[in-house]
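Position chains B, C, D, E, F, G and H with the ligands relative to chain A; hints supplied.
Number of protein chains: 8
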Amino acid sequence: EFARIDNHRSLRRGVPEVIYCQGKTTTQVVEITRHMLKSGNNVMGTRADLKTFHEVQLIAPDAKYYEPARIFAVQQEEVLKNEGIIAVVTAGTSDIPVAEEAAVTAELFGNPVERLYDVGVAGIHRLLMNMKVIQSARVIIVVAGMEGALASVVGGLVDKPVVAVPTSIGYGANFHGLSALLAMLNSCAGGVSVVNIDNGFGAAYVAHQINRLGEKGE
Amino acid sequence: EFARIDNHRSLRRGVPEVIYCQGKTTTQVVEITRHMLKSGNNVMGTRADLKTFHEVQLIAPDAKYYEPARIFAVQQEEVLKNEGIIAVVTAGTSDIPVAEEAAVTAELFGNPVERLYDVGVAGIHRLLMNMKVIQSARVIIVVAGMEGALASVVGGLVDKPVVAVPTSIGYGANFHGLSALLAMLNSCAGGVSVVNIDNGFGAAYVAHQINRLGEKGE
Amino acid sequence: EFARIDNHRSLRRGVPEVIYCQGKTTTQVVEITRHMLKSGNNVMGTRADLKTFHEVQLIAPDAKYYEPARIFAVQQEEVLKNEGIIAVVTAGTSDIPVAEEAAVTAELFGNPVERLYDVGVAGIHRLLMNMKVIQSARVIIVVAGMEGALASVVGGLVDKPVVAVPTSIGYGANFHGLSALLAMLNSCAGGVSVVNIDNGFGAAYVAHQINRLGEKGE
Amino acid sequence: EFARIDNHRSLRRGVPEVIYCQGKTTTQVVEITRHMLKSGNNVMGTRADLKTFHEVQLIAPDAKYYEPARIFAVQQEEVLKNEGIIAVVTAGTSDIPVAEEAAVTAELFGNPVERLYDVGVAGIHRLLMNMKVIQSARVIIVVAGMEGALASVVGGLVDKPVVAVPTSIGYGANFHGLSALLAMLNSCAGGVSVVNIDNGFGAAYVAHQINRLGEKGE
Amino acid sequence: EFARIDNHRSLRRGVPEVIYCQGKTTTQVVEITRHMLKSGNNVMGTRADLKTFHEVQLIAPDAKYYEPARIFAVQQEEVLKNEGIIAVVTAGTSDIPVAEEAAVTAELFGNPVERLYDVGVAGIHRLLMNMKVIQSARVIIVVAGMEGALASVVGGLVDKPVVAVPTSIGYGANFHGLSALLAMLNSCAGGVSVVNIDNGFGAAYVAHQINRLGEKGE
Amino acid sequence: EFARIDNHRSLRRGVPEVIYCQGKTTTQVVEITRHMLKSGNNVMGTRADLKTFHEVQLIAPDAKYYEPARIFAVQQEEVLKNEGIIAVVTAGTSDIPVAEEAAVTAELFGNPVERLYDVGVAGIHRLLMNMKVIQSARVIIVVAGMEGALASVVGGLVDKPVVAVPTSIGYGANFHGLSALLAMLNSCAGGVSVVNIDNGFGAAYVAHQINRLGEKGE
Amino acid sequence: EFARIDNHRSLRRGVPEVIYCQGKTTTQVVEITRHMLKSGNNVMGTRADLKTFHEVQLIAPDAKYYEPARIFAVQQEEVLKNEGIIAVVTAGTSDIPVAEEAAVTAELFGNPVERLYDVGVAGIHRLLMNMKVIQSARVIIVVAGMEGALASVVGGLVDKPVVAVPTSIGYGANFHGLSALLAMLNSCAGGVSVVNIDNGFGAAYVAHQINRLGEKGE
Amino acid sequence: EFARIDNHRSLRRGVPEVIYCQGKTTTQVVEITRHMLKSGNNVMGTRADLKTFHEVQLIAPDAKYYEPARIFAVQQEEVLKNEGIIAVVTAGTSDIPVAEEAAVTAELFGNPVERLYDVGVAGIHRLLMNMKVIQSARVIIVVAGMEGALASVVGGLVDKPVVAVPTSIGYGANFHGLSALLAMLNSCAGGVSVVNIDNGFGAAYVAHQINRLGEKGE
Ligand SMILES: Nc1ncnc2c1ncn2[C@@H]1O[C@H](COP(=O)(O)O)[C@@H](O)[C@H]1O
Ligand SMILES: Nc1ncnc2c1ncn2[C@@H]1O[C@H](COP(=O)(O)O)[C@@H](O)[C@H]1O
Ligand SMILES: Nc1ncnc2c1ncn2[C@@H]1O[C@H](COP(=O)(O)O)[C@@H](O)[C@H]1O
Ligand SMILES: Nc1ncnc2c1ncn2[C@@H]1O[C@H](COP(=O)(O)O)[C@@H](O)[C@H]1O
Ligand SMILES: [Mg+2]
Ligand SMILES: [Mg+2]
Ligand SMILES: [Mg+2]
Ligand SMILES: [Mg+2]
Ligand SMILES: [Mg+2]
Ligand SMILES: [Mg+2]
Ligand SMILES: [Mg+2]
Ligand SMILES: [Mg+2]
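Chains as they are written, first to last, in my numbering: chain A, 1 to 218; chain B, 219 to 436; chain C, 437 to 654; chain D, 655 to 872; chain E, 873 to 1090; chain F, 1091 to 1308; chain G, 1309 to 1526; chain H, 1527 to 1744.
Bound conformation, chain A alone (with noise of 0.2 Å):
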């Protein structure tokens, strides 16, 4: 047995069980995936091509694919519903696959989302014509890579807590996402908290934990 399982979480809170596919075989994932649907719970699978999905599908027909998130969900009971916003926003295009896997993991874990895609600050307008759909929401996750910036701007624009997630997203100087990180880091903006780059899973599972807060009844 290759992996400890502790199906109990999901239970007491409603959400997905979650494997990390990256650097599992195939035949680990799937193994784990019959294991955890046992206990009735969802689950769902990050970083996982079609191939995996494909052969979850065999062992679970009714899982869903999500292509540009790389995920997989496999859902057998009803997710409790949260009723803030969870907004996602970009800087650009190609953050978008880092920015859906945390879209859809927040809509996995009962969050409504709004996206807002390639707002960033070199156009500073496309921001600003856009401040309703950041304003409306609950938490706000930014999803940047090269200068990271728009996580500082955002963080300056509203009175949320700001998940910011670095993307590795860029070349040279950027060196795989460090120069996101260390800028969002070093934000002068107030309320502003990162994850690791990359991590879109980690950073809507925080503000899935955020959200939480200010519901009705927690």
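No wet-lab data here; the hints were simulated from the structure.
Model, not experiment: these values are computed from the prediction.
Do not take every clue at face value.
Going by beta-carbon spacing under 7 Å, a handful of chain E positions derived as facing chain H [claimed, not checked]:
hint : residue
1    : G895
2    : I904
3    : A932
4    : G956
5    : I957
6    : G992
7    : A994
8    : I996
9    : M1018
10   : E1019
11   : S1024
12   : A1045
13   : L1054
14   : A1055
15   : S1059
16   : C1060
If you want a taste of the chain C side facing chain G, the calculated C-beta under 10 Å gives, among others [unchecked claim]:
hint : residue
17   : G459
18   : Q464
19   : V466
20   : P602
21   : D634
Some residues of chain A that are not near chain D, with every Cβ distance over 12 Å (derived) [said to hold, decoys possible]:
hint : residue
22   : E31
23   : L37
24   : S39
25   : D49
Yeah, the Cβ is synthetic: ideal placement off N, Cα and C, and Gly gets one too.
Below, chains B, C, D, E, F, G and H with the ligands alone, put in the same frame as chain A:
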């Protein structure tokens, strides 16, 4: 006029205006303080040494100094109080100054704070014996240097948002906080987001914004 | 003659000669193996792919291949057995290949091995529930990627030497194992020493040398 | 003779000879100044402390000291005046010393300078309210530390060359200016080029060369 | 709609809209191209492979491909021509692809370009013999990998703005362009500013903005 | 109460409680010492300057100070003595403070220590002439800065566990101990594990735990 | 014409013109070779794969290929022979390709070469048993990856110039050759200078220039 | 006895014993000096401040101090003189202390030295005007900080071995000498090898060993 000061924000949210004193001359700090006080807001200064505080006292006799936190504060109006608790947890004794920056900031912003210091993972029983403190909180700030493992352990034990603050405590291969920073960014536990090395203030700011979401009427 | 081979050592200590296969051509590996076998010693190869193993089998039909460990081994003589147990512990599922390199090496060197996999700090109860395995060992090898916190937690729980192996498992700000490496070097727990990233073999070698010290008659 | 001095250049372009004072003894600075003054050129020294200035005054009583810029200057001839404006913009108050090094250098080289300080992206309205200053300039020098986002935002708002100066202002993961440097090099806005961390002088030099191209008769 | 496209800018300045193709799917590139072409603007794509070009040709039969530059371009309107020359200079033969990205971009933006390739400092006479080419230019783009010394040498020989492009050419301790990048940022010659590693496009953009300042009527 | 102190451990293993004094105020060190002494344990402080020692002496008149090691110690009970020898070997004279931290710690923990200083690889005969000292030991601590080669050479000469301590001795490209650290982590010799830069204490702790395994009755 | 070729040098010193093939297309290599051959010089190409060699053979049927060195060479004239020996020493088997680049280059430049491979410090006796080879040389090239300790050990044993070549052999914390590079730069032994990681060619070039100084009549 | 001293070497080669004073106490330096002097050898100390020199003078009244080089020397016997010249060349004025360490060391080792200071590439004519000095030498030491380009330029102009010394002169992105170090390691000119940052002594040692090869009778 060397600093453009925005007095509106504090009116709206009832929290103090903040001056980051490091790298500013005492004269600059005093002048900015004087200007800010005019609008009736509360004012606080971080990274302030005793000398700066004494100069500030000359224009604001009621100013208080929080020594381990290196914060001075001038209160002119009542702060709106939150009900949710912010827990501030440290791995070691040497992390306390950063933790105090976080704790005092959180208090000045209107949050009740629970401190739990010196419960690092080298003696995990100290943490486990104090889980009640952590579980009573709505948001947890984890302050740790060296290997920064405490953030992951706490993140794995609770379902609340964890704001992790790496500190520069350590030597050699900690590279001035890099080891704790990277560890926290790579946390295998869900719900952990990270602010800059030694940034107690920033962590409190994020925690405060999150905490407010849980307040009735927000 | 492209490699100076020292056959004396194994005679003296009854452990296999070792070939590090990465960066060597299959022909080189086979020729070194052939040469080493002449003196009657046991021989093993690390970082060996299946193709290399198959070529080795042609000259050593009894050769065995340990797939997850990527090790081949040819046994020609009995290995001196130790009584003390070496525990091999991993944080996650993805750390298993490195752990198996350590575990199989330790076994081929004559040590009984206890494996405890996927007990990382995100779910600390999994570790605490299995303390007996760890306490039964004379030396503990901890294998962990990402934030590498497991080494500190284990180091804090036991009074035995802990050999920590950072792995390159993770992405983004783990910088190919740097995060776990730095975390382990900065461990706040006593008794933790560190080998190179992904160096399961090296950890087993150290653990074996330590383990022998506890054997009667040494 | 410890420094080979080239007096021709200033004759040709009417700008002062420049001494970089850091790492030079006061005696060396004074001797180089004395030598340079002989040919009737203007002379300036950067990174000069007050003590150095006072020694220079002994041989050049008309010398002036620009305190926040840490520059001394001796004028012996009229500088050719440019018409195009160079704007110097900073993100924060702490960036001002570097900005002043740039601004005073630009003025001593014959350029009219517009200063716009403390308009960083955490409060983007401050920048937007002052676009006229920026639009009136032919070249813009943007001085910012921490996440250095201001360069991208300005670069996106104007069609003029932007010379970006990262500063070492900040702490922790700014790694002495690295965060702002990388951010500026990775700017997603067109027209941004970068000089060394804290190199206000170098930025002014580049801006001056660019500005001259726009002068009639060049 | 995955990319917010701003068609106004090109109208105003007569330069092509630009698509950065790396990290975008061919479909995305074609769709963005199609959208941009609608407004009658010129369009170009950088980091475009031949396959992408062929797909673009299907919707824009007049598209041209500049192979060493990896740029495709669709011209729909006449570009405003500048008179000032932009010189593009390389240290070695291997720097040519980056230089061509700069040169072709500069030409598509309306600038006459002089190329001077393989004149690196290991044989300084090659540079000195070709000073006329450099002196005829209004702006000089210097493209160099390895030790990047050429930027400083050129910067010391001319009084025109030098835009330096470090390349990732080299191996070992060049660390993917870091050596040339740091060398150029630390140039002891005045008038050198720097863009990202391998960013030929960005250099041309800066050079074009500078060059326009010298045109009559600007 | 600023430090949670665990008095049980020392009872069980007969070794002193340890205070890491760096980054603590003298008052904190004295208070922690006072508290620890109450339970009758031995107490020691590392990275303690003379001033701290003198303050400690006021509450513990029998305290001893080991100057080159920067350690103070208060003995209240007999330490269990080991028979196996720990050898402490240095490459140079400047490594001695770190070596003494290791040697004195090992002695205070009950181990006989053999010192062999200044036998670095630049003069390999010095090491070879003293092999007896090394061979008499059960564990060897190798302390070296600069290129850290001594650990590999010693590791290749003996079959005992080698605990390597990189030091920050050197300048320039040693980057505060990084060169020795990386060298030791990449040791081509078997049986070498590594602790943090300058961490003499940690090395002694590991060596002590290993040494105990060889004691009869363990 | 994409490469400015300087045919004079070889005439003057009787050594081949050199083409660095990596990053050049096969066509470029062949064209440069063809051009160089016209002047009657010898020509060699480094980092050349077999395919490139075969294309070169079409225009130069006498071309030879040195496979482990990845060098092709075309001899058209006699090379001036040196009397002094250049020794090429490696730590391991995997360092041989870089060592062969050095050895073959040195031979093609007219130097007698002695090879001593796989004598790394993990088994120092292998080196000590072969000191005669090293002592017979006028210059020694030491090629080593991992911890690069061999350069210091050799440097300490001889009074001849040692040219150290770090290799990228290793994994994890060797960071692609950084560990060996830093170790060699920090060598505590006198007389060691360093070239780029994996730069066998450069080491041979330096060694050749040094060796010539010892020839009679120079 | 804290330092094992090898008196034989100097007898054999007629050069002084050398003490690296940095990181040693004055007492240690004086004691090592006293011991070394006993055997009649010459002795020198590098990185020695004036205070250390004065203490040394008490036991060696003939000791000399070379202030800019920070070297003290005690001559007890005649040094064997070489005929070949070592040229020491610097880019700037601030590099002189390192250059003097090299020059004085070379002289104390018996070599005639030609100094050529402040001829950096920002004004290449200064170097070209002084080629005679460089061409008269048998070995050239190039000392440069910032972008370190001078080593490549000199290496390209001469056919003699060039020993390059990066200095820590500069600021910001020179990262304490890293920029010059990387530039020199990546030199595109043949015949350049590199020593540690600021290591004037090491460069002189290498240059001396090379220079001796050219002496008659060696
Ligand atoms: N894309 C992702 N990035 C980072 N962490 C993830 C990702 N997907 C899943 N995880 C985390 O990885 C855990 C599962 O890891 P594993 O046990 O290796 O499948 C989950 O509980 C999540 O916390
Ligand atoms: N997986 C491994 N990682 C690190 N070192 C290894 C590994 N496998 C073998 N070695 C070491 O490499 C040596 C053999 O290297 P080689 O002579 O290149 O085959 C052995 O003596 C081991 O010390
Ligand atoms: N603050 C500065 N930062 C960077 N470069 C400078 C600065 N001040 C002067 N310089 C440059 O340094 C040169 C003078 O260097 P030096 O000969 O050492 O005085 C001048 O020609 C300028 O190009
Ligand atoms: N393997 C190599 N490593 C480093 N430099 C090399 C190598 N081979 C050739 N070179 C250098 O590269 C120059 C040729 O570069 P190129 O003009 O690009 O062919 C030669 O003059 C050599 O100085
Ligand atoms: Mg905000
Ligand atoms: Mg959690
Ligand atoms: Mg322990
Ligand atoms: Mg712009
Ligand atoms: Mg210039
Ligand atoms: Mg060994
Ligand atoms: Mg030597
Ligand atoms: Mg040369």
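To see whether the hints hold, each was checked on the structure:
1. Of the supplied interface hints, the one on G895/E is violated, with its beta-carbon coming no nearer than about 27 Å to a beta-carbon of chain H, more than 7 Å.
2. At a threshold of 7 Å, the smallest CB-CB gap from I904/E to chain H is about 35 Å, leaving the interface hint violated.
3. Violation of the interface hint for A932/E is found here, the shortest Cβ-Cβ separation to chain H being roughly 41 Å, above the 7 Å cut-off.
4. Look at G956/E: its Cβ only gets to about 24 Å from chain H, farther than 7 Å, so that hint breaks.
5. Taking 7 Å as the C-beta contact cut-off toward chain H, the hint placing I957/E at the interface is violated, the least distance being around 23 Å.
6. Because the smallest distance between the Cβ of G992/E and any Cβ of chain H comes to about 5 Å, under 7 Å, the interface hint for this residue holds.
7. With 7 Å as the threshold, the beta carbon of A994/E comes within range of chain H, its nearest partner Cβ sitting at about 4 Å, so the hint holds.
8. Given the 7 Å rule on beta carbons, the hint for I996/E holds: about 6 Å separates it from the nearest Cβ of chain H.
9. For M1018/E, the shortest C-beta to C-beta distance to chain H is roughly 4 Å, which falls under 7 Å, so the interface hint holds.
10. For E1019/E, the suggested interface contact is upheld, since its CB lies about 4 Å from the closest CB of chain H, less than 7 Å.
11. Taking 7 Å as the C-beta contact cut-off toward chain H, the hint placing S1024/E at the interface holds, the least distance being around 5 Å.
12. The criterion of a C-beta within 7 Å of any C-beta in chain H is met by A1045/E, whose closest approach is roughly 4 Å, and the hint holds.
13. Evaluation of the L1054/E hint against chain H yields a held restraint, the C-beta minimum of about 4 Å falling below 7 Å.
14. Taking 7 Å as the C-beta contact cut-off toward chain H, the hint placing A1055/E at the interface holds, the least distance being around 4 Å.
15. At a threshold of 7 Å, the smallest CB-CB gap from S1059/E to chain H is about 5 Å, leaving the interface hint in force.
16. The interface hint given for C1060/E holds, since its Cβ lies 4 Å from the closest Cβ of chain H, which is under the 7 Å cut-off.
17. A cut of 10 Å between beta carbons decides the hint on G459/C: the least distance to chain G is about 4 Å, and the hint holds.
18. With a cut of 10 Å, the hint placing Q464/C at the interface with chain G holds, because the nearest CB-to-CB distance is about 7 Å.
19. Below 10 Å, beta-carbon pairs count as interface contacts, and V466/C has none with chain G, the closest being about 13 Å; its hint is therefore violated.
20. With a cut of 10 Å, the hint placing P602/C at the interface with chain G holds, because the nearest CB-to-CB distance is about 8 Å.
21. Checking D634/C against chain G by beta carbon gives a least distance of about 5 Å; that is within 10 Å, so the hint holds.
22. Residue-level check passed: E31/A sits 39 Å from the nearest beta carbon of chain D, beyond 12 Å.
23. The non-interface label for L37/A is consistent with chain D: the shortest C-beta to C-beta separation is roughly 41 Å, beyond 12 Å.
24. Distance check on S39/A: its Cβ is at least 41 Å (rounded) from any Cβ of chain D, clearing the 12 Å threshold; non-interface status holds.
25. No beta-carbon of chain D comes within 12 Å of the beta-carbon of D49/A; the shortest separation is about 29 Å.
Figure legend: structure checked against the earlier numbered hints; hints not met, in rising order: 1, 2, 3, 4, 5, 19.
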